[in-house]
Every structure is written in structure tokens, then in C-alpha cells.
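There are 2 protein chains.
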Amino acid sequence: MARAKAPVRDWTRRRTAKRERLAAVRPFASGRIVDAARTGDAVQALLRPGDRVVLEGDNQKQADFLAEALAACDPDVVHDLHLLIASISLPEHLDVFEHGVARRLDFAYAGPQSVRMAQLLADGTVEVGAIHTYVELYARMFVDLIPDVALLCAEQADRDGNLYTGANTEDTPTIAEATAFSDGVTVVQVNELVDRVPRVDIPGDWVDLIVESPRPFALEPLFTRDPRHIGQVEILMAMLAIRGIYERHAVTTLNHGIGFDTAAVELLLPTYGEELGLRGKICRHWTLNPHPTLIPAIESGWVESVHCFGGEPGMERYVAARPDVFFTGPDGSLRSNRVLCQLAGQYAVDLFIGSSLQIDADANSSTVTEGRLTGFGGAPNMGHDPHGRRHASPAWLGLRAGEPSALRGRKLVAQITQTFRAGGVPAFVETLDAVQVGTDAGMPVPPVMIYGDDVSHLVTEEGVAYLYKAAGPAERREAVAAIAGATPVGRDADERRVEALRRDGLVALPEDLGVDIRRARRSLLAARSIEDLVAWSGGLYDPPARFRSW
Amino acid sequence: MARAKAPVRDWTRRRTAKRERLAAVRPFASGRIVDAARTGDAVQALLRPGDRVVLEGDNQKQADFLAEALAACDPDVVHDLHLLIASISLPEHLDVFEHGVARRLDFAYAGPQSVRMAQLLADGTVEVGAIHTYVELYARMFVDLIPDVALLCAEQADRDGNLYTGANTEDTPTIAEATAFSDGVTVVQVNELVDRVPRVDIPGDWVDLIVESPRPFALEPLFTRDPRHIGQVEILMAMLAIRGIYERHAVTTLNHGIGFDTAAVELLLPTYGEELGLRGKICRHWTLNPHPTLIPAIESGWVESVHCFGGEPGMERYVAARPDVFFTGPDGSLRSNRVLCQLAGQYAVDLFIGSSLQIDADANSSTVTEGRLTGFGGAPNMGHDPHGRRHASPAWLGLRAGEPSALRGRKLVAQITQTFRAGGVPAFVETLDAVQVGTDAGMPVPPVMIYGDDVSHLVTEEGVAYLYKAAGPAERREAVAAIAGATPVGRDADERRVEALRRDGLVALPEDLGVDIRRARRSLLAARSIEDLVAWSGGLYDPPARFRSW
Chain Y
3 MARAKAPVRD
13 WTRRRTAKRE
23 RLAAVRPFAS
33 GRIVDAARTG
43 DAVQALLRPG
53 DRVVLEGDNQ
63 KQADFLAEAL
73 AACDPDVVHD
83 LHLLIASISL
93 PEHLDVFEHG
103 VARRLDFAYA
113 GPQSVRMAQL
123 LADGTVEVGA
133 IHTYVELYAR
143 MFVDLIPDVA
153 LLCAEQADRD
163 GNLYTGANTE
173 DTPTIAEATA
183 FSDGVTVVQV
193 NELVDRVPRV
203 DIPGDWVDLI
213 VESPRPFALE
223 PLFTRDPRHI
233 GQVEILMAML
243 AIRGIYERHA
253 VTTLNHGIGF
263 DTAAVELLLP
273 TYGEELGLRG
283 KICRHWTLNP
293 HPTLIPAIES
303 GWVESVHCFG
313 GEPGMERYVA
323 ARPDVFFTGP
333 DGSLRSNRVL
343 CQLAGQYAVD
353 LFIGSSLQID
363 ADANSSTVTE
373 GRLTGFGGAP
383 NMGHDPHGRR
393 HASPAWLGLR
403 AGEPSALRGR
413 KLVAQITQTF
423 RAGGVPAFVE
433 TLDAVQVGTD
443 AGMPVPPVMI
453 YGDDVSHLVT
463 EEGVAYLYKA
473 AGPAERREAV
483 AAIAGATPVG
493 RDADERRVEA
503 LRRDGLVALP
513 EDLGVDIRRA
523 RRSLLAARSI
533 EDLVAWSGGL
543 YDPPARFRSW
Chain H
3 MARAKAPVRD
13 WTRRRTAKRE
23 RLAAVRPFAS
33 GRIVDAARTG
43 DAVQALLRPG
53 DRVVLEGDNQ
63 KQADFLAEAL
73 AACDPDVVHD
83 LHLLIASISL
93 PEHLDVFEHG
103 VARRLDFAYA
113 GPQSVRMAQL
123 LADGTVEVGA
133 IHTYVELYAR
143 MFVDLIPDVA
153 LLCAEQADRD
163 GNLYTGANTE
173 DTPTIAEATA
183 FSDGVTVVQV
193 NELVDRVPRV
203 DIPGDWVDLI
213 VESPRPFALE
223 PLFTRDPRHI
233 GQVEILMAML
243 AIRGIYERHA
253 VTTLNHGIGF
263 DTAAVELLLP
273 TYGEELGLRG
283 KICRHWTLNP
293 HPTLIPAIES
303 GWVESVHCFG
313 GEPGMERYVA
323 ARPDVFFTGP
333 DGSLRSNRVL
343 CQLAGQYAVD
353 LFIGSSLQID
363 ADANSSTVTE
373 GRLTGFGGAP
383 NMGHDPHGRR
393 HASPAWLGLR
403 AGEPSALRGR
413 KLVAQITQTF
423 RAGGVPAFVE
433 TLDAVQVGTD
443 AGMPVPPVMI
453 YGDDVSHLVT
463 EEGVAYLYKA
473 AGPAERREAV
483 AAIAGATPVG
493 RDADERRVEA
503 LRRDGLVALP
513 EDLGVDIRRA
523 RRSLLAARSI
533 EDLVAWSGGL
543 YDPPARFRSW
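Protein chains in written order, with our numbering: chain Y, 3 to 552; chain H, 3 to 552.
Rather than coming from a laboratory, the hints here were simulated on the basis of the structure.
Mixed in with the good hints there might be a few duds.
Copies of the same chain look alike in the list, so a pair counts if it works inside one copy or between any two.
Claimed, not checked - Subject to a maximum C-alpha distance of 16 Å in a straight line, what follows is the list of computed EDC-like cross-link-like pairs (lysine to aspartate or glutamate): (1) 471 <-> 214; (2) 283 <-> 146; (3) 283 <-> 249; (4) 283 <-> 129; (5) 20 <-> 333; (6) 283 <-> 207; (7) 20 <-> 37; (8) 20 <-> 326; (9) 20 <-> 432.
None of the values given here were measured: they were computed from a predicted structure.
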């Protein structure tokens, strides 16, 4: 045989390292349970310079107590860490770099910390591997960014390490799986140690260390939109979207991004949608977080199912009382799961619709605006046509194209935006700010959120552009311009070409869709305030304090 | 407020139905444990006409005992079931339809049963919803195909329902999650009931009923390829792939499909790859099942990590002894997970390369050949460029294209095939058989496995075509034809155009890549037999009986 002499090799180095790490933590723990007062010592004892460390910073929940412990490590002992974190949202996430504990960063989103992030990058304090979407970052934890240590969070744990995540399951099972099965060390901060968890979201033998945090983990109500702030323009756009996209394509499975534009759609279903006789014909199956603005549609019998990426503070009792609609455990509370909801959104859902801050003439869009290195979150995964899909649905087939031998349908990817943002800033621009931000940050390609050639529909207050029908980039640009209003992209639109595009079905104005602009009033909203949502919920929705005005 | 009068509604119908179903099974069970002799009665008592039932039929493991029980149900009692099953591989899977128990089917793959499947479809005995890829089918279980009952399988369970899957975790956690958190009923056949499972792969409170099967679940060694059957042509193609794709693009993260072509690549790494000085530069991180033909590369220090969709019989002891490379639990055995490995393959991996049975002039390819409605499996998910990816790598960036404002990289999607299959059947054809099969089966679009415009590289024994460089469909066809040999697609290739394509870098012949055809001999394989693989493994690989010839 051709066997070369194989080098002698130890194949259990990670297992040995894990044993040594856990031994080093022993003085600060009793079995699996770390003494909360010694959390800093335990984290420091666990880590080795250069370690690849996941810090759970999800879209919503944050392992904030462990983040503080990490930031407080002695940089003479723990340094050059490679931090993996989905969402950079707490000051501690960047303190870790300023204090010299970590050096390299792979992340997905940096909303509240985006300005400081850009600064630290410019200073060379942070060395960025790449900016990912959430699921890309998790995907790499199984390939080339396998964690040495994961710092996670959950609601409760029992003494065997079984974890209860409650409604915000989010990303904990995925990160725990990547770490536990690669002989990494999983450390979890929990709000409460209990004798028996109400249900097991993550099995105890995946968990090495637990610390009972002195305060509950941080959690933001990111998906709550107060209907009070929905104005006539959002309502008009929602009417256009319902008639021009949902009804026309018979969209039964869908995902909504965050924002007032799609919240308006949710609040028009029980009124405008009902008038149009669309209940049961559209919007039956959803993948999205438990948006409070979806309550009226649920209560009116529009919604058969909702699978969630994460939870939403205040929606706990409502969700628990609607188990036929939401995915809940035997304990009654939501089980969310970002990776599975992303999978569902990508492969089982016909429409993604989301708001954008900037759109260029080619329909490329981005929420990255000047100076802010925000990253991507999950929109790019939802906002593209997955070429790996093979099952058909009426909505998907309605956009079919290609040679007969390779005919295929297409996912509906819609962008919705007013032509001008607050303060008269045009939403349609010649060049996305993202291009300059990308250049400044030394990114190899510009941080575009959704590529123009993936966008099938564009909605503004002017009308709907059916970009999927465009014969090529030139015609796509014409269709974008036709509904871009008086922005730099729209103001030179040729009126006769717009008429031709209407005739050819590439552009529809409100009158083409039978939408009466005069009806775009707040009285058409099923709920006009948070208080209304509480009433719709039969008192089951508990809005966070900041949303209570009564 | 605008609240419409909401209809009075029961929001806990699924929970009530679950309680009733479990009550009906009580006579045949003691707590969670079903009396194996009464499995048929239990399954029949559990089901209601019209139920949506998942039967675990994964790519590899099969809940065969429960499949028999299902097929034996009385069709007067249980009928019109809607069956969801990933892989139709056992006769019982179709008996269920012939016996009148089930009517509707959503599935992903029908390898061994594909001929009978096509027949039952033509007879109207089976009503097909759609043919999916694996992950699409799972995705829909969270959206519009939420299961009422799931019939699953695992290695072991304890009396609290905690499941141990061993190496073939595959799809059980995903299906269990979809079912358990939607108030569906999960029933699991296990090979063994134990007091304590070696590790918990699925928590007990996700599991309703357990039956100890009288025999272990069926499991096929689908990913084992005997090096004895690798000939000079496969070796030549592997050399071309290594030099023309892996080395040229510095591919460090990858997925291999099943087949002798890619097995040859695996077996050339420690020999030809070593000579070229490529160790550490290519093929470091893998997403694929534990292929026995990867053993020599692992032993020679090429492979840093492997994450797996499923397991492979015979590889258990070897994998357990190489925990630094494979994802294993504290019990030592593999933890696989199809959904997470697919996620990794889609978003973290730079190259997919797989064999195809037929390729047309536009590079569309399919393994569906006449009369066989095989379906898709997982290749389409791996074999496309995910537009939702946002992080860069050298390999991905090497294929970048687009306007500067929307510049992006691209996944390498390679197809590898000889120009003629066994028996002189051309692999390159004017029209894929899939087109006719799709028409005959009434499919809305032809069942193409991988679309031509997603294929970046094509390898035959003639050379490599760099299709991603083609300026358009016409040039892509020329590049395909240039390496399609004497097939209907290749025989009219214009020699002068081929020269031009070589000059422009769209086509590379062996001499262009520095590949010496004379070296394409079996002596270049690191292992030339299953026995060699056992030796490489230090006796840790236990090949299934059918692969043992000594």
C-alpha cells in the first residue's frame, strides 16, 4: 500500500485543554456552579491568550454579566482574544478591546455601538475578521471559527446544567452545540438557579459552568412599533403593498422586517384587507418575532402560524395564550430559534418585505449610512432569492423565468420606503453611503444590505415597481426612477417612459392598483396606539414601560 | 378604537388534540414507554384521518419499525394521511399509500424507490405536494407543514425520554423541535431503553412516546466508496480539480458530494497534493459525512475540522479517536446535524464539488434520469451561490463580479464528470432527461439539480471550464462544449474558439494546468482498497461486511 509515514499526533488536544481549563476554574466553583462573586476570577482562569471566544450578544438578549467579567480581565493574563459576537450592543463589547483583552473581532451587527466601532477600527484597536449576517457567523462556528469558550445566557438552569431559555431562545442552542461538541467550554449566566426547569431548551450535558447573575440579562424590545407614529404615507404604502404584492401574488407565507412600514401592513389586514376579502387568501403563515402590531390580525383570524427568531418583551402572556399560532413549549412560553427561523424564512417563505434607509438607482439598498458601520443582521439572508429552493408555490411560480430547460420560480423580495426620510433626506441616492463606508473601513466589497438584482418589488408612496419583470439593468433603473419621486434618482424620470412601464406592467401607480389615496388615513389602522393593542390582546399584552403613556 | 368584533375562538385546539391522542394510546403504554408488541395499536390509536405525519426517513437512518406499524394501520380507521418524509427508501414508505392509509406526500428524495414512486404517481395512488431539498422540507415544518405527529428514531432513550442519537443525529432534533413546540406528538423508536443515556441529544420533555424496537433501525453506508473502483480517469479529473480549482483559488473550506470522482480527490491529497506543497494551504475545513476515503488526508495532517450531516457505518471508532477533527460529544461519538451542516455548507464554505449524471449544453445538471423521480437531497442547497452571504474569503473574492457599487464575491460550485458514463452513455446531452420526467410527473418546473448559471467550474477528463468567467450564456455554452469531448454537446466545438477560450482563461486543458496525464495512475492513490483505509486508520475503521473482501 501507498501509506506515507504519518506524523505522530495527539488527536485530543482540545479535550485536554478543556480539562485543564475546567480544573483552573475549580477554586471558584462548586461543581458546575460558579460563585457569582468570583465570576471575574473564573472567566480569567478559564481563558488562554489567543482563545476564540463567543460572547452571546444576540439580536435581543445579552450575556451582559459575563461581558463585564470579560472586560475586567487582566490584559497581562488574558490578551489577544478573538471575539465572536453577533450583535455589538453593549459598551462592554468594545471595552474588551480597549482594555487590551481582545484583539480580533468577527461580528454581524453593531447598531448602538456603530460609531464607536468605526472609531476603534480606524485606531487599529480592533482588528476585524469580517462582518457577517447572523447565520453566517454561526455557520463558521462549525467550520473555521470553532469556539474555545462560549459565554452564554439563559433564564434558568438546574444543577445538572439543563437550561431554560424562555421566549428568547434565539441563538443559544446553536452556539452551545458548536462549542459543546468541539470540546469547547460553555459558560452560562442565568437569571435564576432552580431545582427543576419548566422545560429543557438545552440539555445539561452541553453545559460546563453556570453562574447565577445578580440581575436579569439585558433584553431590548426591538420589534415593538407604536402605532401612534404611523402616518398617512406609511398607510398609503401599506395599501399599495397589500394590493400590488400580497393580493396580486397570493402571498400566504411571509416575513416582515422591522419598521413602521410593515407594521402598517400588519395593522391594515383586519380593516383594509378584510374589506378586500383577503382573509384566508394571504398572510397565513409567518416567520417573524412576536410583533405587537400583529395582534389585531391574529385576533381577527388572519394568522395560522408564527415561527420566531427571538421573543419580544411584553408579549409573553399573549403568546402563551395563543399556542395554536405560536411555537410554545409545554410550559406555555415561546420557543424561538434564530437559525431555524432563518431556515424557514429562506426556504419555506415566499415573501420578504423590509424597509431600507437608502436605495440606489440600481435598487441596491443598505441601512449603513455615513460614519456608521452597522453591519447586516439577518436581512440579507431573507432578502435574496435562494437558488437552492426546489419546491413550488403559486407566489413563487408567478415570478418564474429562465429557459424552458431551466425554468424556475423566484422568491418575492420587496423593499418599502418613502422617497424622502425625515428631515427631507432623500432615500434614493446616486451612490449608497455604504460604498464610502466600505472603502474607509477597508472592506473588500461594499456592505450592501440587499442587492438590486435580488429585489423583485419596490414600494414607495408613488407606487409599486415590479423589478422582476425588467428585461435588464437599464429597464430596472427606469422602473426604480419611476417611483423615486423628486429624489436625485427620480427627478429625471421620463414621463413617456413611465407611461410605457405602466402599460407593460413594470410600474403601477395607486390608481392602477385601485388604491384610493384619500382613504390612507389613520382611521384605517386596526389599532392606533399601544393601548389599542393591549385592548385587542384582551389585556394579555404587557407593553414595556417606555411604550406606556397612560 | 377601531377594534372589530373578534370571533370567539379556541386557541388551544392542538394542545387539546394532543391530550386526546395521548389518552388514546394509554392502554398500550406504561407512561412514555409503549409496549413494543402493541406498537401497531398505539400508532393507530394516535392518528386521526387527514393528519400530517412526519415519518423519519433521513438520508441514512430510518424509523423502519414505526414505518411498518404505520403501513399496517387499518385504512378504515386511519386514512388520508399527509406524509412528510425526507427520503423514500423503504418499501413500507410507499406501502402506506398502496394500503390506503396515506394519500398526500411531501418529500425530498426517492433513491431506491424512485421507479415505484413514479408508477404510484402515474396511478394517482400518491398525490405529491412537492419535491423539496431536505432542508426545505424541514423549513416548511415550521411554516405551512407543521406536523401533527412525528415518528422518529434514535439509538437509546432513558425513561424520562432523553434521547441519544449516537453518530447519526441527522434530522431528529429538527423534526422533534418542529413537532414538540407546536403541540404535535413525538413518537420515537429506539434500539435500546437504558437507565442513563451516554449523552442527551434531544431533551426528554420534547418526547412523548418511546418504543424499544425489536431490531436496530436501518442504516445504509451511503458515503463509503471502495478505492478499488477508482480508475485512471477519475484520478486524472481529481488532479485537474486539485490544480485547476483547489490550488488556483486557495480553497480552504469545502464540501464534497458523494461519488468516486471526489473520493479520488480525497485520496490524492496525501500524495499529489503533498508533492505540490499544498498541505495547510487547501482543504483544511470540511463539511461532509465521515467519508472513509478522507482517512488518509486526516492522518497526514491535512484536515483541521469536519462537521457532518450524518454518520457513516464503520467510522464510529475512528471518529471517536479523532475528537480534534470531528464534532463529538463527551461520550466520544459523533454529533452530526443535517440542518446545521447545511447552514455551514451554505454560508461558511467556499467550494461545493459534486458529480453529476447528466449535464446539458448550458451546464444545467441533474441526477434525475429517465423514468426515475429521484428528487434532490441536499445538492441544490450546496450547489448554488448564496446571495445572503456577506463575509469575504480569498476564494470567494477571487470570483468577484458586478458593478463597483454592488461588487460581491461568489461561491465556487464545481461539477465533475466524465464525458461518457459506463456503457458509453454520454454525460453531456442536448436536453436533460429531467425535463421529460418533470413534464410526465406534472411538475410545474423541471427538476434540475443545479442550474447552469450557478455552476462556476466544470471538470471533465478533457479539462476545466471556468464558467464564472463567461461573459454570457453563449460563451458559457462554448466553454462547456470545449471540455465535453465527443458527446452531442462537445463534438461540434470549434477548435479555434477553444484556443481562444484557453487564451482567455475560460478553459484549461491538462497541459495548461501542468498536469501530466501519464501520472494519472492508481499508484498515485493514498489508498487503493478498503483494506488500505483500515490500515491508514490504525485499525480503527470497521468497514461494513459488504466492503470487506479479505
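Exercise. Using 16 Å as the alpha-carbon threshold, which applies to residue 20 and residue 326: within, between, both, or neither?
Worked result: Classified as between: cross-chain Cα gap 12 Å, same-chain 43 Å, threshold 16 Å.
Problem set entry | Within, between, both or neither: residue 283, residue 129 at alpha-carbon 16 Å | Answer is neither; intra-copy 50 Å and inter-copy 23 Å both fail.
For this session: Give the relationship of residue 20 and residue 432 under a CA distance limit of 16 Å: within one copy only, between copies only, both, or neither.
Result: Neither: 53 Å inside a copy, 57 Å across copies.
Exercise. At most 16 Å between C-alpha atoms: does residue 471 with residue 214 qualify within a copy, between copies, both, or neither?
Worked result: The answer is neither: 56 Å in one copy and 56 Å across copies each exceed 16 Å.
For this session: Give the relationship of residue 283 and residue 146 under a CA distance limit of 16 Å: within one copy only, between copies only, both, or neither.
Result: The answer is between: 13 Å across copies meets 16 Å, while 44 Å in one copy does not.
Problem set entry | Within, between, both or neither: residue 283, residue 207 at alpha-carbon 16 Å | neither (46 Å within a copy, 36 Å between copies)
Problem set entry | Homomeric proximity label, residue 20 with residue 37: Cα distance no greater than 16 Å | neither (20 Å within a copy, 42 Å between copies)
For this session: Have a look at residue 20 and residue 333 and pick one of within, between, both or neither, based on CA distance no larger than 16 Å.
Result: Between copies, since 15 Å is at most 16 Å while 34 Å is not.
For this session: Using 16 Å as the alpha carbon limit, work out where residue 283 and residue 249 are close: within a copy, between copies, both or neither.
Result: Within one copy, since 8 Å is at most 16 Å while 52 Å is not.
Hint violations for this structure: numbers 1, 4, 6, 7, 9, all remaining hints satisfied.
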